[in-house]
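Model the full assembly from the supplied sequences, consistent with the hints where possible.
For reference, the chains in residue letters:
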Amino acid sequence: MRLERRAHVPLYLVIVAPICAIFMALFLAAGLILAAGVNPLTAYAEMLIGALGSRLSITEMLTRATPLILTGLAAAVAFRARLWNIGAEGQFFAGALITAAIGHSLGVPGWIGIPILMGAGMIAGALLLAGPAFLRLRFGVDEVVTTLLLNFIVILFVGLMIEGPMRDPFAFGWPSSVPVDGAFRLPDLIPKSRLHIGLLFAITAAGAVWVVLTHTVFGAETRAAGLNAKAAAFAGISLPRTIMSVALLSGALAGLAGAIEVMGVTAGVTTTMSPGFGYAGIIVAMLAALHPAGVVASAIFVATVFVGADAMSRATGVPSFIADVIVALCLLTMIVALLFTTYKVRR
Amino acid sequence: MTKVLELVGISKRFGALTANDDVNLSLKQGEILALLGENGAGKTTLMNILFGHYAADKGHVRVFGTELPSGKPRAAIEAGVGMVHQHFTLADNLTVLDNVMLGSEPLFRFRSARTEARNKLMQISDRFGLPVTPEAKIGSLSVGERQRVEILKALYRDARVLILDEPTAVLARPEAKRLFETLRGMTKEGLSLIFISHKLHEVMAASDRVAVLRGGKIVAERDTNKTNADELAELMVGRKVERPVRQEHDIGAPVLIAQKVRLENDGETQLNNVSFQVNAGEILGIVGVSGNGQAALGALLSGLAAPTAGELTLDGNEVGHIGPRGMIMAGVGRVPEDRNSEGVVGELSLWENAVLERIRSPKFSRWGFVRQRAARDYTSALIKRFDIRGANPDTRIRLLSGGNMQKLILGRVLANDPRFVLANQPTRGLDEGAIAAVHAKLLAARAKGAAILLISEELEEAVALSDRIQAIVKGRLSAPIHADQADAQRLGLMMAGVWEEDENAA
Numbered sequence: 001m002r003l004e005r006r007a008h009v010p011l012y013l014v015i016v017a018p019i020c021a022i023f024m025a026l027f028l029a030a031g032l033i034l035a036a037g038v039n040p041l042t043a044y045a046e047m048l049i050g051a052l053g054s055r056l057s058i059t060e061m062l063t064r065a066t067p068l069i070l071t072g073l074a075a076a077v078a079f080r081a082r083l084w085n086i087g088a089e090g091q092f093f094a095g096a097l098i099t100a101a102i103g104h105s106l107g108v109p110g111w112i113g114i115p116i117l118m119g120a121g122m123i124a125g126a127l128l129l130a131g132p133a134f135l136r137l138r139f140g141v142d143e144v145v146t147t148l149l150l151n152f153i154v155i156l157f158v159g160l161m162i163e164g165p166m167r168d169p170f171a172f173g174w175p176s177s178v179p180v181d182g183a184f185r186l187p188d189l190i191p192k193s194r195l196h197i198g199l200l201f202a203i204t205a206a207g208a209v210w211v212v213l214t215h216t217v218f219g220a221e222t223r224a225a226g227l228n229a230k231a232a233a234f235a236g237i238s239l240p241r242t243i244m245s246v247a248l249l250s251g252a253l254a255g256l257a258g259a260i261e262v263m264g265v266t267a268g269v270t271t272t273m274s275p276g277f278g279y280a281g282i283i284v285a286m287l288a289a290l291h292p293a294g295v296v297a298s299a300i301f302v303a304t305v306f307v308g309a310d311a312m313s314r315a316t317g318v319p320s321f322i323a324d325v326i327v328a329l330c331l332l333t334m335i336v337a338l339l340f341t342t343y344k345v346r347r
Numbered sequence: 001m002t003k004v005l006e007l008v009g010i011s012k013r014f015g016a017l018t019a020n021d022d023v024n025l026s027l028k029q030g031e032i033l034a035l036l037g038e039n040g041a042g043k044t045t046l047m048n049i050l051f052g053h054y055a056a057d058k059g060h061v062r063v064f065g066t067e068l069p070s071g072k073p074r075a076a077i078e079a080g081v082g083m084v085h086q087h088f089t090l091a092d093n094l095t096v097l098d099n100v101m102l103g104s105e106p107l108f109r110f111r112s113a114r115t116e117a118r119n120k121l122m123q124i125s126d127r128f129g130l131p132v133t134p135e136a137k138i139g140s141l142s143v144g145e146r147q148r149v150e151i152l153k154a155l156y157r158d159a160r161v162l163i164l165d166e167p168t169a170v171l172a173r174p175e176a177k178r179l180f181e182t183l184r185g186m187t188k189e190g191l192s193l194i195f196i197s198h199k200l201h202e203v204m205a206a207s208d209r210v211a212v213l214r215g216g217k218i219v220a221e222r223d224t225n226k227t228n229a230d231e232l233a234e235l236m237v238g239r240k241v242e243r244p245v246r247q248e249h250d251i252g253a254p255v256l257i258a259q260k261v262r263l264e265n266d267g268e269t270q271l272n273n274v275s276f277q278v279n280a281g282e283i284l285g286i287v288g289v290s291g292n293g294q295a296a297l298g299a300l301l302s303g304l305a306a307p308t309a310g311e312l313t314l315d316g317n318e319v320g321h322i323g324p325r326g327m328i329m330a331g332v333g334r335v336p337e338d339r340n341s342e343g344v345v346g347e348l349s350l351w352e353n354a355v356l357e358r359i360r361s362p363k364f365s366r367w368g369f370v371r372q373r374a375a376r377d378y379t380s381a382l383i384k385r386f387d388i389r390g391a392n393p394d395t396r397i398r399l400l401s402g403g404n405m406q407k408l409i410l411g412r413v414l415a416n417d418p419r420f421v422l423a424n425q426p427t428r429g430l431d432e433g434a435i436a437a438v439h440a441k442l443l444a445a446r447a448k449g450a451a452i453l454l455i456s457e458e459l460e461e462a463v464a465l466s467d468r469i470q471a472i473v474k475g476r477l478s479a480p481i482h483a484d485q486a487d488a489q490r491l492g493l494m495m496a497g498v499w500e501e502d503e504n505a506a
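Protein sequences, first through last, are from chains S and H. Numbering follows our numbering, in which position 268 of the first sequence is assigned residue number 268; successive positions increment by one, without gaps. Numbering follows our numbering, in which position 116 of the second sequence is assigned residue number 116; successive positions increment by one, without gaps.
The hints are simulated quantities; they were obtained by calculation from the structure and are not laboratory data. The beta-carbon is built from N, C-alpha and C at its ideal position, and this holds for glycine as well. Heads up, some of the hints might be wrong.
[Unchecked claim] Stretch-level coverage of chain S by chain H, calculated; a stretch enters the list once three of its residues show a Cβ under 8 Å from a Cβ in chain H: (1) 141-148; (2) 212-226.
[Stated by the list, open to error] No farther apart than 25 Å at their CA atoms in a straight line, the calculated lysine-lysine pairs in the BS3-like style are these: (3) H:K58 - S:K344; (4) H:K72 - S:K344; (5) H:K474 - H:K177; (6) H:K240 - H:K226; (7) H:K120 - H:K188; (8) H:K384 - H:K363.
[Stated by the list, open to error] To be clear about the criterion: a stretch of chain H counts as covered by chain S if any three or more of its residues have a C-beta under 8 Å from a C-beta of chain S, and this derived list gives those stretches: (9) 296-307; (10) 331-343; (11) 346-356; (12) 368-376.
Structure (structure tokens):
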């Protein structure tokens, strides 16, 4: 058996591959659900109902999808340029922290303050990734290691801040920062739900990233540098500059996710505000084959699994950790599926 | 004479491509058979089938009368077939003896059989006239010596049929000559050989019999002493291809001047005291054995490396430190040595590759946005003007053949009427038709007044195109000679570095 490179990847395969990967992951996870003594079909049905069965559950799911779209974009942008940013989780918290830190005492009206806070979150995320990018370019330090480890440092730093200087005295000992000013809370998209206009920002960001990647000089140079660094250098594209720009963009997107989550959902920053949005963003990006439009779709899928698993857990008693298992399996099956879209099996 | 090897009705398809079509071939005891064909004719596929790397769709292989199971390299080795690959498969950090033993020693054994192995190696080395030092590290050996180790490795496994894939691709002329003398001697020891080549002169000089492969089929078999180079060339290409000829004309003023340029990389001197001058309307050929500093010279002139000392000027302006983009903007056209790794981004479309070098110029972008229509129109024009076949501007460039890819690279270089052109191995790996097209384009640019520096390992090409020729040896350049004074012997001496004494005398 041999693998042969496909001359042309047909469009249907690009769409079918992630769907197959998802079904394969669900099939594998079914084994675990069986082991928990529950019929997998019942469990998955509960999951679907829990995520999509009512107006409330759909808004919950979309609320969860909002940060995932942004962290998914962060991973997609970086991975396209072969910058392995595993630190979206840390950049998310950096964005959230800075937003909470200046958001409670910023004396401006909401329509000025919200863009300022979003900008601050983006800058915080961008700066956090600029460090590892610089270390890689200057000293060849592997960014997988530095970005991954920075996640823990940032989260512990958040803990330090909310136990100390940023502690909310009215939170009854619950570790949280002082909430942001009410003027900077994002308006609801649908009344009487948690869904806020951050979703629109996230979808706009996906559109903007698509335009940047496909229609700008920066996008073209990034693609060239990601696909063949040697040829890009020969054509006069500065690799350090490209990598650094990509790092700033990727970090900014993850930081924006944190800022929007604070302004839209949590109001203050806590160490438990992210159920792994940064890490799940990697899976979102992979399922989307790094395409910005696909990121929106796969973020909705991953959010469905997360939200649905909670409901399923309540109904069937299968631990909701199954969501993490399903999402992680998706990453593995998607990598296999990508192999089959790029290569053809021949005997 | 008995047949030691037979290929019967071998066919192999890769998707839509028929690589081998009903190939029948046999090798007699003690014979040297040349398998001649252009790139893509199916030579390598055929040898990979014979050696068991690929399984044939149809047909079978017989060695000494017994059929080989398909797709099993080990079976081929055990039957006595040895293969010497074009790209060596040796571990640099191990010794000659280790490399020879590697893979033929059982995995689990308490006592290593080094002494026995060493004795066997020395015995083979004596018998076939292939001297080696068993304890030398591969990394410290020259290319010719490494090839000798590859051959010994095959012989160590008791090969009686040896297949050599483009054995002279990495060798200088004298080394190649020595190799063929050795091979001739080996046939007297009972070995039978097949060597793959696209070089007519060595096929004529070294083989007993020639099989010509074209489009996956054997189109002719000839006894070497009953044919001639012209006939073989026509058989190989399928038609008469005439390479264009350089016309004498007046040479203009100096365009690019390098003065005592020194280039160091990681403390290693890659170019040493290099001086040359290329004039308008002139082609300066740089010849030399691969690995003597051509890569560094290419990097210098494409802007990827800056001189450590000395200066490089274009029309009087210093261009040594302006980088690739600066070079492009200054009017330097660059054809890279390796089109796949440096010339193009395979996964991108033709139009993206065509404009990548100039994507920031107002012609192709405005306010940071790519003007895709302008870029596509420009690419369509290149496709037409440079006769790039089988593609439109949106085709992924990796789907093009080497020749068409090279035409696109030449096109994007020449379309802007560059002052100076670096053509680094512009025809490497191309077939005759494409070579003629590339030569014609370079000569046309010369006629329009471009100064061209041609780096080539093909002497015929360098002599045919160049007005003047310099040789590069260990990072140093010889004094230039005029093309009409360049005969094979003189160039051979230059490439061996024999000019040094005159320089010291002067």
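For each hint, the structure was consulted:
With 0 residues having a beta carbon nearer than 8 Å to a beta carbon of chain H, the region 141-148 of chain S misses the requirement of three or more and the stated coverage is violated. Proximity of the region 212-226 of chain S to chain H, defined as three or more residues with a beta carbon under 8 Å from a beta carbon of that chain, is established by the 9 residues found. For the given pair, K58 of chain H sits about 21 Å from K344 of chain S by alpha-carbon distance, which is consistent with the 25 Å threshold. Distance restraint check for K72 of chain H and K344 of chain S: the Cα-Cα separation of roughly 22 Å lies within the 25 Å cut-off, and the hinted pair is therefore satisfied.
For the suggested pair K474 of chain H and K177 of chain H, the alpha carbons sit about 21 Å apart, so the restraint of at most 25 Å is met. About 20 Å separates the Cα atoms of K240 of chain H and K226 of chain H, which keeps this hinted pair within 25 Å; it holds. Distance restraint check for K120 of chain H and K188 of chain H: the Cα-Cα separation of roughly 20 Å lies within the 25 Å cut-off, and the hinted pair is therefore satisfied. Taking the CA atoms of K384 of chain H and K363 of chain H, the gap is about 19 Å. The hint holds against a cut of 25 Å.
Taking a C-beta to C-beta cut-off of 8 Å, the region 296-307 of chain H contributes 3 residues in contact with chain S, enough for the three needed, and the coverage statement holds. Residues of the region 331-343 of chain H with a Cβ under 8 Å from some Cβ of chain S number 5, which satisfies the need for three, so the listed coverage holds. Given as covered by chain S, the region 346-356 of chain H passes the check, having 5 residues with a CB less than 8 Å from a CB of that chain where 3 are the minimum. For the region 368-376 of chain H, the assignment as covered by chain S holds, since 4 residues bring a beta-carbon within under 8 Å of that chain's beta-carbons and 3 suffice.
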